[in-house]
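Going down the list, the protein sequences come from chains A and B.
Sequential numbering of the first sequence, starting at 1, is according to UniProt numbering.
Sequential numbering of the second sequence, starting at 1, is according to UniProt numbering.
If you're looking for bench data, these hints aren't it; they were derived computationally from the structure.
Heads up, some of the hints might be wrong.
Covered stretches of chain A (in silico footprint by chain B; criterion: 3 or more residues with CB under 8 Å from a CB of chain B, positions within the stretch not fixed) [what the hints assert, rightly or not]:
| id | segment |
| --- | --- |
| 1 | 79-88 |
| 2 | 92-101 |
| 3 | 110-120 |
| 4 | 215-228 |
| 5 | 261-269 |
Keep in mind it's a predicted model, so treat the numbers as computed, not measured.
Beta carbons: idealized from backbone N, C-alpha and C, even for Gly.
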Amino acid sequence: MDLVIQLLLNGIVNGSHYALLGLGFGLIFATTRIVHFAFGSIFTFGAYVAWFVSGYMGAPIFLGLAAGVVVAMGLGVASYVGLYQPLERRGVSPLIPLIASLGLTIVLENLVGIIFGTGARTIDAETSIHFLGPAFFTSIHVWQVVSFLLVCVLLYLFVNYTRYGKAIMAMTDDPEMARVIGIDTARVSILVFALGSALSAIAALLVTLKDGASTHMGFTAVFMGFVAVIVGGVGSLRGAIAGGFLLGLVESLGLWKISTEWQSSIAFIVLFLMILLRPHGLFSLARR
Amino acid sequence: MDFLYHIGVLFCLYAILATSFNLLIGFAGLFALSHAALYAIGAYTTAILTTKLGLAFPLPLLGSVLFAMLLSTIIALPALRVNGHYLVIVSLALQIIVLQVILNWKSLTGGTDGIGGIPPYHFGNLVIDTPFRFMMVAFIALVLCYCIARVLIRSPFGRALRAMRDNESAAQAVGLDILFMKVAVFAISAGLAAVAGSLFAQYFSYVSAESFSINETIYILAMVILGGVGNLRGSVLGAAILIILPELLKFLPLPVDIADKIRLVLYGCVLMAVLVFAPQGLLPEPRGRKAMWVSPDGGDDRTDDEALLSSEGGKRDEIVLEGRNLGKRFGGVVAVSDFSISLKKGRITGLLGPNGAGKTTAFNLLTGFLKPTSGQILLHGKDIARKKPHELVDAGVARSFQDLRLFTNMTVLENVMVALPGQKVRSIWRLFLTPMAVRRREQEAMRKAMHILRFVELHDRAYETAADLSYAEEKLLVVARLLATGAEVLLFDEPMSGLDQTTLHDIFPVIRKLAEHGKAVCIIEHNLDVIKELCDEVFFLDEGRTMAVGKPDELMNNPELAERYFK
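Kindly generate the complete structure, drawing on both the sequences and the hints.
Structure follows, in structure tokens:
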């Protein structure tokens with residue numbers, strides 16, 4: 001029983017990480033319909049920049065976070081303007097941006113290695129350990145959950161109460177219609193690439209504090225984001241959050257019965273089954 | 001010198017990989033990005049068969065190929081049900097799962113240590129243990145694999161693949177079994193990738209999971225895209241460029257680690273640059289005559305339409321296809337509720353009704369594209385409601401689409417040929433075992449296709465790409481393609497819409513001739529003049545049910561129906 005409580009707790013912590021990734025990836029995917037696979041390597045970039053500023057140079061964590069966010073936003077916007085937009089303008093099939101994105105992924109991932117070197121990178125931060133009955137959690141875990149909640153609130157306010165937020169929602173519903181009623185879809189796209197990348201950098205910093213960074217971390221990250229979005233149903237931000245938590249819990253509770261070396265496979269198997277059985281998300285029927 | 005031979009070996013391996021990958025993504029349009037995993041399965045199978053069981057050539061190679069084909073078939077059945085970017089993501093996930101299994105199944109695969117000590121090839125007393133000797137072996141393998149791929153893509157099977165790539169539902173509508181084709185091409189592509197994997201294991205005498213990461217898949221993908229999707233020679237060229245180019249980096253004084261990363265950055269940049277600036281790649285897909293296997297032997301000017309439209313017995317006015325009380329609901333929405341229709345041999349039946357009446361849904365039900373929630377569909381009295389579209393085409397029911405759905409990247413002639421019966425290509429082995437017979441049948445098919453094109457007066461456009469036709473010609477090609485299926489029941493979804501008066505009068509006699517030769521023809525049409533001119537009987541459909549049946553004049557003079565129609 002003690003184990004289950006611990007796993008549940010881990011599931012919630014990981015779940016908020018995945019939900020954050022799901023929000024970032026989902027915001028871009030739902031608005032632009034681009035499967036921005038390089039989201040993962042931008043996430044990695046954010047982690048390494050944050051490490052460089054806070055871990056290597058020893059600056060305060062929030063400076064590392066700020067640097068990571070700024071660089072990630074820059075890369076996100078650049079990938080839209082430099083790569084996806086020219087493809088969109090030519091009216092290519094929606095598959096082509098995804099294929100191009102794979103190219104961008106290996107470029108960015110290897111640039112991280114060239115610039116920052118390979119090998120695990122950690123940031124030393126003061127952490128405290130807390131106990132909840134038989135289970136424990138650290139202050140970083142708390143930060144993961146708190147910053148996720150904070151992001152949720154801010155995003156909620158932004159989407160519902162600002163002009164650009166509403167434009168994003170309109171585009172999520174129907175990009176063609178949004179264009180017809182005079183929304184500058186290119187600008188909104190740039191905005192979501194900036195926002196989504198910023199979210200990825202926040203998640204990246206937190207996970208670096210927790211587990212350290214490696215050049216391959218982006219791959220899992222983008223998959224987790226994708227799984228969260230698919231499980232929750234494409235186009236629904238709430239769904240992405242629910243999907244992220246569900247994924248965190250399934251993955252964590254799976255350890256109860258499955259040995260650790262298979263843990264990372266769980267998400268991929270969930271993804272595989274989801275796409276085959278419920279490609280429109282678990283909640284798709286409820287929404288219609 | 002060995003260094004050059006080594007590059008030669010790598011080129012051969014990657015040319016095989018790129019060629020086989022191109023079959024999948026270029027010709028079949030299936031972006032299943034798990035090629036490195038299949039490559040890995042080939043390599044590991046050979047490694048295990050040689051080190052654990054001590055088998056010698058050719059058994060490990062055969063084992064690799066067969067195992068990869070088997071596994072890919074099992075994987076393909078669920079995975080290929082999804083399309084577009086879902087397929088990309090599912091297959092990437094699959095690649096990761098395969099690598100995880102390899103890493104975690106330590107007793108069999110050695111986990112992260114990999115498997116070493118794989119013996120080189122022995123042919124009698126000749127040991128293939130130098131790069132030069134191995135290059136020769138790899139080159140022979142490349143030539144064989146390339147030939148297999150080339151025969152495939154130029155065969156009826158290849159044509160069917162391209163049709164499927166251009167438009168999946170239209171391919172079904174001309175009688176192609178989509179699922180079989182997808183699984184078959186995936187298995188063949190896997191088998192060829194496994195050849196490269198097996199060679200890899202024998203050459204390096206060591207395999208480990210690192211060599212088969214997703215980066216490897218993207219690397220091969222870059223080769224295919226650079227060379228040109230849908231062009232086999234392009235894949236070989238792409239492999240050559242992307243193997244040789246990074247070797248030049250070796251002349252720069254860089255640490256090995258950095259050089260390796262720069263190499264990958266280079267591939268990524270090539271991939272993006274090609275997609276943005278030259279989406280066709282270096283060598284574009286062959287079109288027109290170049291894409292054809294056989295050329296028509298001219299001299300054929302039979303105008304024997306009887307033979308073309310031959311129909312098996314039966315009397316005129318005999319009911320061929322009948323739908324009884326068909327219903328279809330989507331969730332809570334009722335699209336068709338009580339639709340009944342009967343199509344008679346030698347008659348042209350019209351399906352009339354206002355927009356949203358459920359006419360196209362009715363067509364989809366009759367042709368197997370949708371399964372009815374209630375009611376019966378009978379073909380010569382036999383229930384066919386459960387059959388798939390391609391099975392229905394075989395049984396004798398074929399349809400066209402309102403939005404045409406031509407195979408736009410194929411020639412006019414190919415559009416017709418692919419619809420002919422006998423293009424199902426169930427037996428792929430036959431392409432290799434009895435090539436002459438296949439060739440003969442190809443020639444026959446081509447003659448027949450030309451004959452059909454002459455029937456609709458499109459024969460002088462036979463080698464044009466379908467995308468270059470005028471709108472009226474496209475409509476004629478739709479008729480020709482439908483006719484080519486040889487079905488006795490032909491359902492046309494708005495064959496005349498958008499045509500001007502002159503063209504209309506060109507197409508009328510064609511459709512009339514079809515009925516005169518015993519076809520049961522059904523058309524959806526909005527133009528009342530067309531209905532009056534052509535149809536023997538009209539079914540009036542509204543709100544998903546059959547409201548009235550009768551002669552065109554009778555229905556048109558019925559004030560209630562007129563009001564419904566013009567409301």
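| Ascending list of hint numbers which this structure does not respect | Result: no hint breaks.
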